[in-house]
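Peer 1: Residue numbers (this note's numbering): 131 to 432.
No lab work stands behind these hints, which were simulated from the structure alone.
Where hints are given, some of them may not hold.
Simulated DEER-style distance windows between Cβ atoms [stated by the list, open to error]:
#, residue 1, residue 2, range
1, Ala342, Asp312, 17 to 25 Å
2, Ser432, Val294, 45 to 53 Å
3, Leu167, Asn411, 36 to 44 Å
4, Val163, Pro348, 26 to 34 Å
5, Glu281, Ile335, 14 to 22 Å
6, Ala427, Ile335, 20 to 28 Å
7, Gln265, Asp312, 21 to 29 Å
8, Ser233, Glu431, 40 to 48 Å
In silico EDC-like cross-links for lysine to aspartate or glutamate, where the CA-CA straight-line distance does not exceed 16 Å [unchecked claim]:
#, residue 1, residue 2
9, Lys320, Glu240
10, Lys262, Glu240
11, Lys262, Glu316
12, Lys262, Asp225
13, Lys262, Glu289
14, Lys262, Asp215
15, Lys262, Asp312
16, Lys320, Asp225
17, Lys320, Glu383
Built from N, CA and C at the ideal position, the CB exists for glycine as well.
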Amino acid sequence: MKTRILLSVAVLVLLLSGLLPALAQDEVLEEFVNADLLVDSTWVQENATAEGVRLIHVGSDLAAFEEGHLPGANFLALVDLTNPDDPIRGQIGTDEQVATALSALGLTTEDTIVLYDANSNLLAARAYWVLKYYQHADVRIYNGGLIKWQEDGLELVTEAPEIVPSTYEIAEADPEIRTTGDYVLENFDKAGVQLCDARNAEEFIGTDVRSAVGGHIPGAINLDWINTVAVDGTFLPAAELDALFQLAGFERENEIITYCQTGVRGAHVWFILRELLGYPNVRNYDGSWEEWGNDPALPVES
């Protein structure tokens, strides 16, 4: 928490002092390029039960959902969007597996799906990335999720809408937003390619070891995902986020590959870079350190 606050304050000071233009590569964004992808509490109150809108609480704990959630929400376990048969833990589910999970929720390709969670939308952003990988047209995130809802003094409920199962007709996957270890190995040291390591600093330097070895992919820049969100669970404002990534050294014209341990934090940073800040070429390395750090043949820095 302390690190997150210090980084946010540092960016704000640069913005207010006028020093940022000298440090940043581009003019800082004043607004998100796709601001409509984020909805607020008022929008949720007015639209959550509208025809064609489905509010989905993404999580790992059904019991916690049942104790209290947003009115009109149904529960989606993030694990249902992963492939249990893949030897690399946490990999995205196959088209059939994801279609099964979405059908069980009664979703259709025509629905506006609004995602949120109880952890600053870390899990919601991963679910968003999965849905966009399979090219669902209209997906949004409730900015702040459960934290913001409670911060606004709004009531939680324990009942959920009845679900009528559907047959979700999943689209072909979009290969432009996901990448593999082979691709990273072939491209990580090429000009015009940058890696964003969304893990914490201890994982990055190798003192917090969660695979066979600790450390990071050579040349990667560490920007912990938690530094991109405010204490109320919302994403930092556009200018602060844009400045943060610019000051870290990311260049808009480059290809950016995000990663973490299992691609969840990487998906959160992917969402910010591609969907909110409009970086044109961003891919999430789904295998992440779960694959890279367990393969002794791959190069590692620590």
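Peer 1: Any hints from earlier that this structure breaks? Give me their numbers in increasing order, please.
Peer 2: 3, 5, 9, 11, 13, 14, 15 and 16
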